[in-house]
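Chains as they are written, first to last, in the numbering used here: chain A, 141 to 483; chain B, 141 to 483; chain C, 141 to 483; chain D, 141 to 483.
Keep in mind the hints are simulated off the structure, nothing from the lab.
Simulated pairs of lysine-lysine, DSS-like, Cα-Cα distance not exceeding 30 Å:
1) C:K254 with B:K417
2) D:K417 with A:K250
3) A:K309 with D:K309
4) A:K438 with D:K309
5) C:K359 with B:K438
There are 4 protein chains.
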Amino acid sequence: MIKAGIIGATGYAGVELLRLLLSHPDVEVAAISSVSFEGKPISEIYPSLYQIDDMTLGNQEDVIKKCDVVFASLPHGLSEEMGRKCFDAGKVFIDLGADFRLDAADVYTKWYGKEYNIPDIHKEAVYGLCEIFRDDIKKHRLVGNPGCYPTSAALALAPALKGGFIETKGIIVDSKSGTTGAGRGLSQNLHYADCNESFAPYKVANHRHTPEIEQTLSKIAGEPVKITFVPHLLPINRGIVSTVYADIKSGTFEEIYKAYVDFYKDERFVRVLPLGKITNLKEVRMSNYCDISLFYDKEAGKLIIVSAIDNMVKGAAGQAIQNMNIICGFDEAAGLGMIPPAF
Amino acid sequence: MIKAGIIGATGYAGVELLRLLLSHPDVEVAAISSVSFEGKPISEIYPSLYQIDDMTLGNQEDVIKKCDVVFASLPHGLSEEMGRKCFDAGKVFIDLGADFRLDAADVYTKWYGKEYNIPDIHKEAVYGLCEIFRDDIKKHRLVGNPGCYPTSAALALAPALKGGFIETKGIIVDSKSGTTGAGRGLSQNLHYADCNESFAPYKVANHRHTPEIEQTLSKIAGEPVKITFVPHLLPINRGIVSTVYADIKSGTFEEIYKAYVDFYKDERFVRVLPLGKITNLKEVRMSNYCDISLFYDKEAGKLIIVSAIDNMVKGAAGQAIQNMNIICGFDEAAGLGMIPPAF
Amino acid sequence: MIKAGIIGATGYAGVELLRLLLSHPDVEVAAISSVSFEGKPISEIYPSLYQIDDMTLGNQEDVIKKCDVVFASLPHGLSEEMGRKCFDAGKVFIDLGADFRLDAADVYTKWYGKEYNIPDIHKEAVYGLCEIFRDDIKKHRLVGNPGCYPTSAALALAPALKGGFIETKGIIVDSKSGTTGAGRGLSQNLHYADCNESFAPYKVANHRHTPEIEQTLSKIAGEPVKITFVPHLLPINRGIVSTVYADIKSGTFEEIYKAYVDFYKDERFVRVLPLGKITNLKEVRMSNYCDISLFYDKEAGKLIIVSAIDNMVKGAAGQAIQNMNIICGFDEAAGLGMIPPAF
Amino acid sequence: MIKAGIIGATGYAGVELLRLLLSHPDVEVAAISSVSFEGKPISEIYPSLYQIDDMTLGNQEDVIKKCDVVFASLPHGLSEEMGRKCFDAGKVFIDLGADFRLDAADVYTKWYGKEYNIPDIHKEAVYGLCEIFRDDIKKHRLVGNPGCYPTSAALALAPALKGGFIETKGIIVDSKSGTTGAGRGLSQNLHYADCNESFAPYKVANHRHTPEIEQTLSKIAGEPVKITFVPHLLPINRGIVSTVYADIKSGTFEEIYKAYVDFYKDERFVRVLPLGKITNLKEVRMSNYCDISLFYDKEAGKLIIVSAIDNMVKGAAGQAIQNMNIICGFDEAAGLGMIPPAF
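Using the sequences and the hints given, assemble the complete structure.
Below is the structure:
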């Protein structure tokens, strides 16, 4: 039984992480913190937890002191120092924000408008896309947990790029996300009456997850990969569908499909659907699964890959737990047995 | 480890029951059946279960033969004979339909248009409202699992009626339910474009759950209780809120509130909220909780009780498992540890 | 062609009023104002109006100066002075807020926490519930436009109270409203992910519309009427359904139904549905209709009335225009010919 | 005042057309028909029309006989004969189905599985995409009203193809549609609880609207255009957003944007948004507008065009009326002045 804690437990990813950790067989949640609600019980902020977990929100020092594994779910720019402290104190640190995802400091600065103030600590970090970098993750104690869109895009493209089946240029990632991806902060476009029955893209070809996706895909491909990425906001709570278009360079569609099945055959959280079946976001909701289905536009020579995840689970809290499980030597699926409800 | 099975596993309650049983620590799901989809894997009907449970749907004979506990989730009129068979074979039989809920045969016939064909078997049945009839449930092996509205109404009114705080006449139950209450059958008013952004009552003062609610409340009160019951259809998937109005006969509001807290103080699935807090359906969604909050209209002398449950869990599959746990001597909360997600 | 203007044109009621006035055959929208967005085109705040109406938002002085009819859609407490100015300048003033709805200054103070600072001006005001007070409205130039819940409740109860069919005590109004009723202000419970798939009552037996409903019903009944009023928030954009319960005092159900049909037979915006039909909010959405259906709980001796309106139209902007039409001598339905869409 | 009628008035497009025609200043709706509901008042099928239009549904012969303009909203394969009859009788015939959209009989057969049985009549038909083929439409009396997706895709791409700015190969159209696009027929995936909170593509690279889009784009470009088309189902009622990706062949982004503004500068129903603004489906809902916004992925050399329409209005009933207006010499915007509501 290890002690785990959450810094920033009242954000959407934070409270989902708490919910999942409370059911983890190898974990005791020893401390949680919140800057905005310090001193209040978490169940006052989220009454769904009333009588289930009425723990009082403390500060981040408490969390670091009391816990072996520290999860941070914070706005970017705030995790570096905490990562440093935890690392030096021999803890496991898993950051759900963006501060440990990008290798290149200048890319981080370009997209996030901040500097890497403690450059050394980034050398200790691993990018926690479990299915792709598992072996590397095992050797680290500091994890940059992947973004939600990057998880959906990278898992969709990895087998095709690894196998050299598609061109590395001209890839299009057209993603659609539920509103929890935008977090708990209030804004007019997320006000119920404004968002309900609406649909639109946002940050067209200009979203911060673009360099993160390209970094991962380039590593997988072994050469620079460029994508055009357009996210859209779905008027639903949870889930991301990414529809990905790529030009086929070699191999038949059947070979490519077989390569996907093989690539993920031992993975417990990636389901490559039978040919002809179509990925639907609702079939992974509330779970740690990533579903993938493949299609072929023969006349255009294009491979179409559709992936779906729950942005709050596989795209955030669930994958964070999966990373903890890998590092701590637990069953990789421990605490992640949630079965998606049919409705 | 007992063997459990589901007759009618492809309806909404059936598949939710399957989902929950798959995570139950003391249960192995040994067989499932469906008349419409016999011979197909359940994951073909519900792709959310792909690679999680690809069990083939058999027939009801299989289920009865292979299982110690048989759950039936069927249209009314079909469970009597199965109840007879299971009872005679020494099995536990838990019926999620209406066939074993009503004591009086003529009331059943009036509201459901069918006869009790095997009158004897009804003497072996218990009404499975766990918090109210727990001691009685322990002595039975055949359960009429309560309807969703009756669960929400009876738990809301039990302490007030038991304590003699309210009049037994003039009670109003204004309930609002998500669409899964209506089941999987297609109908125009549940077609997405018709139902979305709509709201209306249905079966006004004429719903089949009325006699079931009155039967339970009368038992609790020790005298005949009459209610006016109006259900409404909410354009959401899950959950019921019942807003209940009753005339206060004796006691102060504070005394009544205290009586509620005391009544449910040892219950793991009923949460009486602190005064001033308001029950919201989303805070019990996906869980077996029933939340209750109390209000007082001083000028009108009325007690207002608001209860919320997830109609598919506490109102169906969850309570069915709770009944099994009671009868089989498991921890009453086994397999029911689901924490409601914050969103 | 008269000149009309809107003070507070960027709130939900304000922009809906603008939308409707732009299609009114006898009206030219001469000026609109907003404190928050003065100097900006309205179409920057609401891009749906781009190239349709790009008028710049001015200040309230502009509106009063340029217009014959001034609509105000403002937080309570701000309309009194404007009413005074408009009245003195010979304008028609229609207030969509609460400042001119309540006769008794102390009741206003109790529920809204402010004083009537210009008591005299309230004597010039009429309560603009068109179907009930039409003759009186014609003689006035200053209108307190009814609240949304009060409109739905009063139209539901008027014929029964007028005819002396029901008791004036013990009436219950259980209302359910879409989120536009809460306005444009951001709040956590209206954040999309919090509100979606949720349902709860709010301000239970403690909502500001209670005294307004009671004032109207008492006038209609000719004696004091007390109600228990519980509003609920529906996760949809528009519409209110009120389910109203009252004890029948005299008359058969058939007589009562006939009285409803007679009472509203010449009304263009109230539809008493045939017996057996059930009011659904979607059938009045985007229109100025109020639909009413009647039910009878024989055993309990209760009359159940279900009414539905679009809170933004009949409950706000539409009724405001109807009031203008009555006062200005236009066809009462001018500019209000919107047919509710089927979906 | 011309007499218009609708064959198939109870489908989603049919009833929306009826609703709009009832407010058209130059039209009297003289007859409506339905095979399923012949002999019933339309307001029994759609109670939103109660007391507004209680016209009885007749048969198609009635409609053809009584009307100058006949609209047909029927499953494919049923319109050919009606088109023949109406044309021979000197009527205007506007078909909202697919039977008169495709020039090539073999393409129709390939995608719709039926033959052109009356080949001659197709020579009399014009493809009714108003903004592109207006001059041609004026000379015809038989119109194949465009499909919803084709309208959104063709208006999005027309200026770029016309100006030779983009490659004619490799174009990707990723569309998302509300559920009214699927029509009134019941199906499991459109059952409320199945569809709500879900999102998925369907008929990936295999949708019948593909050849229609390619036919139109090829005419505009003057050479064969091939697209990859993937539609998705949005859990909302109305509206289509198409996100279109194309490789830029010549011209700067500024030149392209200017070409769009110029192309549509005299159009009353196409709004090219200012640079930096993003098209949102809610801003065209319930109206005949098509909104278009343009983006540039410089590194990838791609033009990204986002268009939005209301699938039931500009994508069906509204455009049908626009075609009637053009042919009959009415103001092109007559009866189409609906302003999109802000929420």
